[in-house]
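Keeping the supplied structure of chain A fixed, place chains B, C and D upon it in accordance with the hints.
Protein chains: 4
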Amino acid sequence: MKDQIDVDKKYFSNISNRERAIFEGGISMGALFHQFVGTPVSIETVDLLEKSIESSFKLQPCIVDVDVNIDKQKLKDSLSEFDYISLDGNMLDVKIYVEYNDVKAIIRIEYIEKLNYPLMYIEHITK
Amino acid sequence: MKDQIDVDKKYFSNISNRERAIFEGGISMGALFHQFVGTPVSIETVDLLEKSIESSFKLQPCIVDVDVNIDKQKLKDSLSEFDYISLDGNMLDVKIYVEYNDVKAIIRIEYIEKLNYPLMYIEHITK
Amino acid sequence: MKDQIDVDKKYFSNISNRERAIFEGGISMGALFHQFVGTPVSIETVDLLEKSIESSFKLQPCIVDVDVNIDKQKLKDSLSEFDYISLDGNMLDVKIYVEYNDVKAIIRIEYIEKLNYPLMYIEHITK
Amino acid sequence: MKDQIDVDKKYFSNISNRERAIFEGGISMGALFHQFVGTPVSIETVDLLEKSIESSFKLQPCIVDVDVNIDKQKLKDSLSEFDYISLDGNMLDVKIYVEYNDVKAIIRIEYIEKLNYPLMYIEHITK
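The listed protein sequences correspond, in order, to chains A, B, C and D. Mapped onto our numbering, the consecutive letters of the first sequence carry residue numbers 1 to 127. Mapped onto our numbering, the consecutive letters of the second sequence carry residue numbers 1 to 127. Mapped onto our numbering, the consecutive letters of the third sequence carry residue numbers 1 to 127. Mapped onto our numbering, the consecutive letters of the fourth sequence carry residue numbers 1 to 127.
Hints are computed from structural coordinates only; laboratory data are not their basis. Predicted, not measured: the structure shown is a model, and the values here were computed from it. Heads up, some of the hints might be wrong.
In this list, chains with the same sequence are indistinguishable; a pair is considered to hold if it fits within one copy or across any two.
[To be verified] Pairs of lysine to aspartate or glutamate residues, derived as DMTMM-like cross-links and limited to a Cα-Cα distance of at most 25 angstroms, are as follows:
id	residue 1	residue 2
1	95	65
2	10	99
3	76	123
4	104	8
5	76	65
6	104	81
7	114	102
8	76	47
9	72	44
10	95	77
11	10	81
12	10	83
13	9	83
14	10	54
15	51	6
16	10	50
17	72	50
The shape of chain A in the complex, shown without the other chains (with noise of 0.2 angstroms):
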């Protein structure tokens, strides 16, 4: 596509192709956190709001694929007396799947206990 093109060269021409494989990322990631923190999610629900958030940000610029895992037992652990909870960025494990030119990445959140943070991190890269 020549617009594609265009704007690789005109905006991004200041960064290596390994740069660019995790700038796209980490946008993808931190949007996605923001976005769907907060939604209604009950156990009958979870499956399909999985499925939801992984089409959505598959749509993102360089983004190949999105396995999105919220974590059923602490949505059971948590569950108010109304059978569901607004979706807690905590219980997020999710992998983006970025590929640009000769470059792939595994761009990750996983909630780690011991900083009681939900982690995004580099899983893996292309060297």
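Okay, now just chains B, C and D, sitting in the frame of chain A:
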């Protein structure tokens, strides 16, 4: 459910059944709009996104059904160079079906061009 | 404002003034919760975030004032290793003041421990 | 901070300082966009909203400053009958200043009319 009854008695005895249905419907419509506006969406993912919004908001108290319709023509007309967009509130046409005791209501959001505004109103309610 | 009157007549003639106040208050409370849950917040930024939420939701129809209180003790207790967290709905205590014609209402959200749920209800309304 | 060092060593030893700065900047820009798009905003509240977005996202790892500019002309041009709108991503012009060890970067989002897209890119980075 015992606790449900206690909640109604303790927190909602100051309003009528009709008012309760209106309150819960209003909450869910406001919530739905602000949760999902901004989600990446394309022609390919719009059906799944609609289903996921529906299943998420059926979980809320007193909501028995949700019917989400994202305007496909507006979606096509506003697609970016990257073949997707962030969901815009002006594309939403949603009906939320509420039931509380003997009252049934349909809460609606639709874009009103004359107001340049996605208006939420009560399309139908039991007298 | 002429258009405001038309909207009321065209879209809201099927409900009473009390019901309209309840509807608009419910919408705004649902919206507020789902817009701001997930926002990064710390002890240092919590006051400004409260003010910003208040000013944003005073813009909605029929809302005359908003009073947002984020639970500072819960915030401190749940801080991550990085000294901030994503705003959790269970930390919110909010009053939305609604006026429509002769009706005044206060819509409240507060976390109810017994329900493990941030409950939205009508704290006060003109009879 | 001891734990900070452990995190860097354990989770980020596979990327360079430049890549880390790019990763953290990308995360924060994606997060900012999807957290705040949809927020009610008017001419009167836009300054406070800008400040609140800035202070919220300065909390994220490696972010030293954030400069948010919401396009006031676009805001005026798209105001609804009710004198406010939901914040649209196409109105955002944001610079996020990142520092990690010896690397400084500026991550930018701006609406590119030719693409009909709010593009995120790296405006400046230490070589």
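Which numbered conditions among the earlier hints are violated in the structure presented, ordered from lowest to highest? Result: hints 3, 7, 14, 15, 16 break, sorted rising.
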